[in-house]
Amino acid sequence: MEENKDNIDSMPETPPKKHNRFVQYFIDLGARIKGWFVDKYTAVKDFFVGLFQKKPKEELVPEGPQLSRGEKIRRGLKSQSGWLFVAPALILMAVFTFYPIIAAFINSFKQGYSGMTGRFNGWGFDNFVRVLKGDTGTGGANFVQCLVNTLVLTFISVPLSTLLALLISVALNSIKKVQKAYQTILFLPYLTNALAMGAVFATFFKIIGTASNTETVGIVNIILGWFGIDPVDWVGLNSPHWQIGSLSIPWAKYIVAIIYEIWSGLPFKILILFSAMQSINKQYYDAAKVDGASRWTILWHITAPMIMPQISYLLVTGIMGGMKQYSAIVGLFGVTMGQDYDMGTMVGYLYNYIELGQTGYAFAGSLMLFIIIMIITWINNKVTKKRTTYR
Amino acid sequence: MKISIQHLTKIFPSRTKGGKAVHAVEDMNIEIPSGQLVGLLGPSGCGKSTTLFMLSGLESPSSGKIFFDDQDVTTLAAEKRGIGLVFQNYALYPHMTVEQNIRFPLDNMRIKKEEGNARALDAARLVQIEDLMARKPHELSGGQQQRVAIARALVKMPNVLLLDEPLSNLDARLRLQTREEIKRIQRTTGITTVFVTHDQEEAMSICDTMVVMKLGVVQQIGAPQDIYDDPNNLFVANFLGTPPINIFKGRIEGGKVYIGDEVITRTSFDDREVFVGIRPEGFIYDRAGVFTLNVDHIEVMGRDKSVVSTHESSTKPTVRCIIDSDVALPPDAEKLKFNIKPYKLFLFDAETEERLR
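Chains as they are written, first to last, in the working numbering: chain Z, 3 to 393; chain C, 351 to 707.
These are computed hints drawn from the structure, not numbers from a lab. Because the structure is a prediction, the values reported are computed rather than measured. Treat the hints with care, as some may be off.
Stated by the list, open to error - Sample of chain C residues lacking proximity to chain Z, with all beta carbon distances greater than 12 Å (derived):
1. S394
2. S406
3. I433
4. V436
5. N439
6. H445
7. Q450
8. N451
9. L456
10. R502
11. V505
12. L526
13. E603
14. L679
Said to hold, decoys possible - No farther apart than 25 Å at their CA atoms in a straight line, the calculated lysine to aspartate or glutamate pairs in the DMTMM-like style are these:
15. C/K462 / C/D420
16. C/K463 / C/D419
17. Z/K284 / C/E489
18. Z/K291 / C/D576
19. C/K367 / C/D422
20. C/K687 / C/E515
21. Z/K291 / C/D422
22. Z/K291 / C/D419
23. Z/K291 / C/E623
24. Z/K179 / C/D579
25. Z/K135 / Z/D288
26. C/K564 / C/E662
27. C/K564 / C/D621
28. C/K430 / C/E381
29. Z/K284 / C/D377
30. Z/K291 / C/E409
31. C/K463 / C/D420
32. C/K486 / Z/D288
33. Z/K284 / C/D699
34. C/K666 / C/E684
35. C/K430 / C/E409
36. Z/K284 / C/E409
37. Z/K291 / C/E515
38. Z/K326 / Z/D288
39. Z/K291 / C/D636
40. C/K694 / C/D674
Backbone N, C-alpha and C fix where the C-beta goes; we use that ideal spot for every residue, glycine too.
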């Protein structure tokens, strides 16, 4: 410390021009910025000069301190070039994913928030309370109804569709002749637009007319008619439902939506499971055969455990996707998502309130959806981890 | 259980159009007495594994018949033959514990839990893995996995135990240990056992009966020592023995066997070109010997020494003679003379490569 003081004292005295601290700060800042640019300019110049100079090979690996600045930058860039490559994605994610998530989180606590002006009345949990109570005062979708719908549709359709995909994959795996053709046919729904498929499905289940005077046009009711079952208004205004308090359980619409979800989810699941099955070593099946295992035993004790990582992947992603379903419901039941949003989903709820200009409710809803998905995924991981970590 | 294989043939159709069909096994006839340990021996692609899989029922023969005792099992499904099969890479189910793996065949036979547990434990004890029952296969060493695979094959008390290259995935030390283990297990259980190997040493050391195969055709069947001492043809002579037999081009002229200009021995066969096979241990050093070799170097093994030399008529780059270590050899000798033990010398026809008998 002594020496330092001496050094400072012994420096030649330049009469400094006195500024006040505020001005001085900007002057210093300007000098620093200029210095930075000059520094980088020389460095870049070194870099390009170095680029066009051919160096003998031994000189490429000199000791650290002897490196020219250009060389240092070249190496630095090389070692850090990974960042450069992910930068575009990172920037896009920051703008379109991270910022919105944080903004939604903050804004959900603003009471009476207006998306247009950004004004709000104060902070608090008012949005959440109103959303949960269904007391939004706008005639929009009901949060609890949407949550129940989403959970019911997801937790029935995803396991069923995965199970069905497993069985179909096994069947597909055991045929040899027209395997490719079947594979193609089974994959077709994957290439089809959700809205278009929904519209076609809705037509299958359609019924025309009033409650007293109906005409059956949908193929499903025609087929049911062959068995002497009265036509059901599957997707229309008079669709049957059960009422539990303020909650409506439109079971007919549920059935339509679940069948649709299963069917549209199959191709991808079959693709994943089938390819996983093909990669199982044939020797396990030979061993099982010698050990006298039945087909059923082989399926449940050999095949299924062997592709458990893929099955659990499908369950996890399927459930996460199910929690976010929207377009299929719109395709089936129109933009009002059934009658007064009785088939509304969580994402449908968010869109509804964004449309109504009540973004505060949409924020609160999205935050709760996020938390629910997190919890479900956490449970999912806990459950599946046990069964998939044998390798 | 006695196994009898009659005119067994397996032809794999060609994969490409107009290609040649592969005759993996051709007209095989073997009788395997009950309770024996039989080795199918041959270089890769000789059809030994195919034979084993036909015995197991996983492959069906193109023609011919397989009998277990007096029952024709040729068309019987694998699970009904009462066989235990150990695969080359063991094929242990990775998601099951050792115990579950061993129990798997019993569960399929719908055997009661207590009995199943007891039998699984017995099988585990037999191969000495009873401490590892709760582990998963990936937590075991190769040798332990091998034992589990054998236990799984034994637990259902099979009539026949089949092993496909049981030792090929083990390191050298473990291989020695495990092959004795297999012999011990086979002795204790008394199960007729067939195993496949390409390693002649392995086969010779533990087999009761050895079946030497080449390109789907059985070359010779017999006890290991008998085959070694009395090979049917050049292939069998060449395939058995470490170090391998020395083969020389020679000829028979007027009752004398020549290698080069030297008369090695006398014979009653007619004049012809021959291959002369001499086992490495068939040389006796003698200053007045009949056969001269150009010595390259001498390797001392302790128990014996091996003279590595060359000869212009040899079909191999070097000739190896194994001599007792007490025999004093002249140091730095460039040429050494040897006499040949007559029972270690075999004559093969140069064209057919069949043994002259």
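(request) Compare the distance between the alpha carbons of C/K694 and C/D674 with 25 Å, and conclude whether the hinted pair is satisfied. (result) Holds, because 16 Å separates the two Cα atoms, which is no more than 25 Å.
(message) Just to be careful, I want the Cα atoms of Z/K284 and C/E409 compared with a cutoff of 25 Å; is the pair within it?
(response) Holds. Z/K284 to C/E409 sits at ~13 Å (cutoff 25 Å).
(message) Next pair to validate is Z/K291 with C/D422; report whether the Cα-Cα distance is within 25 Å.
(response) holds (20 Å)
(request) Would you mind confirming whether the straight-line C-alpha gap from Z/K291 to C/D576 stays at or under 25 Å? (result) violated (38 Å)
(request) Assess, step by step, whether the Cα of C/K463 is no farther than 25 Å from the Cα of C/D419, and give holds or violated. (result) violated (31 Å)
(message) Z/K284 and C/D699 were given as a pair; does the straight-line alpha-carbon distance stay at or below 25 Å?
(response) violated (45 Å)
(request) Verify the proposed pairing of C/K564 with C/D621, using a straight-line Cα cut of 25 Å. (result) violated (29 Å)
(message) Would the hint linking C/K430 and C/E381 be met if the CA-CA limit is 25 Å?
(response) Distance ~21 Å between C/K430 and C/E381 Cα, so the pair holds.
(request) With a cut-off of 25 Å on the C-alpha distance, tell me whether Z/K135 and Z/D288 pass. (result) Violated, at about 60 Å.
(request) Could you grab the alpha-carbon distance between C/K463 and C/D420 and see if it respects the 25 Å cut-off? (result) violated (33 Å)
(message) Next pair to validate is C/K462 with C/D420; report whether the Cα-Cα distance is within 25 Å.
(response) Given that 25 Å is the threshold and the Cα spacing comes to 31 Å, the pair is violated.
(request) Measuring Cβ to Cβ, find out whether C/N451 lies farther than 12 Å from everything in chain Z. (result) violated (10 Å)
In the structure shown, a violation is registered for the earlier hints numbered 2, 3, 4, 5, 6, 7, 8, 9, 10, 11, 15, 16, 18, 19, 20, 23, 24, 25, 26, 27, 29, 31, 33, 38, 39, in ascending order.
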